[in-house]
Amino acid sequence: MDVHIDHKVLCDLREIMEDGYLQLLDTFLEDSERRLSQLHQAKDAAELGMAAHSFKGSSSNMGAVGLAGLCQELEDRVRQLPLYGIEDLINRIDLEYREVQQFYGSERERISAG
Amino acid sequence: MPANQALRVLIAEDGAADRLLLAQIVRRQGHEVCTAEDGAQAVQLFMQQRPQIVLLDALMPVMDGFEAARQIKALAGEALVPIIFLTSLNEEQGLVRCLEAGGDDFMAKPYSPVILAAKIRAMDRLRRLQATVLEQRDQITRHHHHLLNEQRVAKAVFDKVAHSGCLNAPNIRYLQSPYALFNGDLLLAAYAPNGDMHLLLGDFTGHGLPAAVGAMPLAEVFYGMTAKGYGLVETLREMNAKLKRILPVDMFCCALLLNLSFQRGTVEVWSGGMPDGYRLSAAGEVLGVLASRHLPLGILPPERFDDSTCVLPLAEGERLLLLSDGVVDSGDAQERLFGEQRLHQVLAANREPAQLFDELMQALARFGGQARDDISLCDVRMLGPDGAAAQAVVYSDSGRSSPLDWSLDFELRGDSLRRFNPVPYLVQLLQEIHGLRPSSGLLHSVLSELYANALEHGVLGLDSSLKRDAQGFSEYYRQRAERLAAEVGGVVRIGLRVEPHATGGRLMIEVRDSGNGFDVASVLARSPQAQGFCGRGLNLVQRLAHSAEWLDGGRLARVAVQW
Numbered sequence: 000m001d002v003h004i005d006h007k008v009l010c011d012l013r014e015i016m017e018d019g020y021l022q023l024l025d026t027f028l029e030d031s032e033r034r035l036s037q038l039h040q041a042k043d044a045a046e047l048g049m050a051a052h053s054f055k056g057s058s059s060n061m062g063a064v065g066l067a068g069l070c071q072e073l074e075d076r077v078r079q080l081p082l083y084g085i086e087d088l089i090n091r092i093d094l095e096y097r098e099v100q101q102f103y104g105s106e107r108e109r110i111s112a113g
Numbered sequence: 000m001p002a003n004q005a006l007r008v009l010i011a012e013d014g015a016a017d018r019l020l021l022a023q024i025v026r027r028q029g030h031e032v033c034t035a036e037d038g039a040q041a042v043q044l045f046m047q048q049r050p051q052i053v054l055l056d057a058l059m060p061v062m063d064g065f066e067a068a069r070q071i072k073a074l075a076g077e078a079l080v081p082i083i084f085l086t087s088l089n090e091e092q093g094l095v096r097c098l099e100a101g102g103d104d105f106m107a108k109p110y111s112p113v114i115l116a117a118k119i120r121a122m123d124r125l126r127r128l129q130a131t132v133l134e135q136r137d138q139i140t141r142h143h144h145h146l147l148n149e150q151r152v153a154k155a156v157f158d159k160v161a162h163s164g165c166l167n168a169p170n171i172r173y174l175q176s177p178y179a180l181f182n183g184d185l186l187l188a189a190y191a192p193n194g195d196m197h198l199l200l201g202d203f204t205g206h207g208l209p210a211a212v213g214a215m216p217l218a219e220v221f222y223g224m225t226a227k228g229y230g231l232v233e234t235l236r237e238m239n240a241k242l243k244r245i246l247p248v249d250m251f252c253c254a255l256l257l258n259l260s261f262q263r264g265t266v267e268v269w270s271g272g273m274p275d276g277y278r279l280s281a282a283g284e285v286l287g288v289l290a291s292r293h294l295p296l297g298i299l300p301p302e303r304f305d306d307s308t309c310v311l312p313l314a315e316g317e318r319l320l321l322l323s324d325g326v327v328d329s330g331d332a333q334e335r336l337f338g339e340q341r342l343h344q345v346l347a348a349n350r351e352p353a354q355l356f357d358e359l360m361q362a363l364a365r366f367g368g369q370a371r372d373d374i375s376l377c378d379v380r381m382l383g384p385d386g387a388a389a390q391a392v393v394y395s396d397s398g399r400s401s402p403l404d405w406s407l408d409f410e411l412r413g414d415s416l417r418r419f420n421p422v423p424y425l426v427q428l429l430q431e432i433h434g435l436r437p438s439s440g441l442l443h444s445v446l447s448e449l450y451a452n453a454l455e456h457g458v459l460g461l462d463s464s465l466k467r468d469a470q471g472f473s474e475y476y477r478q479r480a481e482r483l484a485a486e487v488g489g490v491v492r493i494g495l496r497v498e499p500h501a502t503g504g505r506l507m508i509e510v511r512d513s514g515n516g517f518d519v520a521s522v523l524a525r526s527p528q529a530q531g532f533c534g535r536g537l538n539l540v541q542r543l544a545h546s547a548e549w550l551d552g553g554r555l556a557r558v559a560v561q562w
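As you go down the protein sequences, you meet chains W and P in turn. Position one of the first sequence corresponds to residue 0 (numbering that gives the first Met the number 0), numbered consecutively onward. Position one of the second sequence corresponds to residue 0 (numbering that gives the first Met the number 0), numbered consecutively onward.
To be clear, the hints were calculated from the coordinates, so they are not data collected in a lab. As the structure is a prediction and not an experimental result, all values here were calculated from the model. Cβ coordinates follow ideal geometry from the N, Cα and C atoms, glycine included. Please note: incorrect hints may appear among the correct ones.
Here are the in silico distance ranges between beta carbons for each label pair [to be verified]:
id, chain 1, residue 1, chain 2, residue 2, range
1, W, 83, P, 76, 39 to 45 Å
2, P, 4, W, 75, 37 to 43 Å
3, P, 117, W, 42, 38 to 44 Å
4, P, 60, W, 108, 44 to 50 Å
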């Protein structure tokens, strides 16, 4: 069992999206960069929570179960002030995203190669 | 059910990947999709595209899903545009907010195409149900307007007929709920040619149009026969027979019919199935009750119909109060009835007759009865002998063909005496004489009086001195009915002789009966006051005719009318 990716979800997405699968992967990666920078630039708990919530939603849709779990953790965490030790959690999200990015990157290559 | 009826679906979601995915899922289910990136765009698109179902992300920039939902619901108006919130909100408060903002359902991430398809189908069912309900509501509203309009037209037509009478006479006060007709209430009044006033308060069974349809023929009979000079008895028989013929079995008409004779100071009453009417003094004390003694009109076949009326003295200024059952049967919230006792209290407390209706309506309101739309009240006051203004009659012919030299003899025997009233026919015949037309009321009165005398005193042998008081009155009319019901042995002969004069003409009326006659000299010697009701109406005849004499021991009356 892959802790990063739910392959069953990915398989379903491919079927659903048909020709749009590649575009979905690209869009998700672009979207995620935006979410990550939102996480880093958040000025208060509310902005942080909002970014975490959205990122959680899209990750779960894409089968990135590890990433979705961490975002959920962050979303829960920001409800309890002070935000002591929150950077650590954001760093773990960064690391997890690298995994996901790499995986989807290779998935992209694989599909393009046909 | 068409499982995949294509719908226009609006998706508002700020995450590009989620939006892409969701649009694809929905599109694959056969729907048309439009997408927005935030709440403001969603509202804009909703206005442009009028989608049937909206999928809204709860948390979006610019305008969040909650506000967008409120605005979309407001824009949708009465139509149901289901909103499914897309959310991974999992705390209770968030879900509650979705519903409170107008959301109809939610859908958690990650999206499941199967669940989403099922939700869209369920929402579509709700949407259609709501559309059907609205459509049916509008249809009912249209039908209702249509019905009201029909009622307005029917009422306008009916009012033309009903108000051709004399409800606006100075001695009548009445109050009717505007659409009382459609609750079967009917109030009619008309002058007879002799100046008597006929009045009918009727109440058809049922409600709505069925209750109103019988009113038209009944009014026609009432006006037609009253104008022709028929009495209550003939009119009642005709009304009953007509209603019996045309109404379905379960429909009939409770009715109270009055003939107010201002010249005689009497009122003749027939009531079938109506609540008690009241005889009131000028000051409003209850003098007596007009109780129903018969079945309503339209129930009994003509041969079993009881047309016996009752005649009461009614002095000038005394009044009759008639009311529909809507008054005493008004119920309050506890379903207690207003009842006769409360009515009596109102009558007793009344000081100013003109205020009586207001006081009654106030008492009903205080009682807490729901305002009923089938209340009819009528208060009719007795006038003096000259009270009834002569009714102008309009004739359509030139009068050049007036027959002016003729005579006619007419004899009534046995059964004809029991059932037939010759007066209207004779008056109509005399109408052919132009010069007599202005006197038709007078002729009617004189002929009625003479014929009644010949029949009641001559043939039936009734003693007019009975009519001394109210009790004697009812005894007199009881005996009259009794004797008419038995075999009638005598004869009444009526002779009319018309002769032209230089400028006009003369009508001689002779009425002879087979009775024992009476002491003419002593009756005529009495003053009109002393004669009262028992003077055989002789002074009335003397007053109206140009000359009147009684011959052959009172068996022959000879009256002359000149013009």
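Hints, one by one, checked against the model:
Between residue 83(W) and residue 76(P) the CB atoms are about 51 Å apart, so this pair departs from the stated range of 39 to 45 Å. Our hint of 37 to 43 Å for residue 4(P) and residue 75(W) holds, since their Cβ atoms are close to 41 Å apart. The beta-carbon spacing between residue 117(P) and residue 42(W), approximately 41 Å, falls within the hinted interval of 38 to 44 Å. At roughly 33 Å, the beta carbons of residue 60(P) and residue 108(W) sit outside the given window of 44 to 50 Å.
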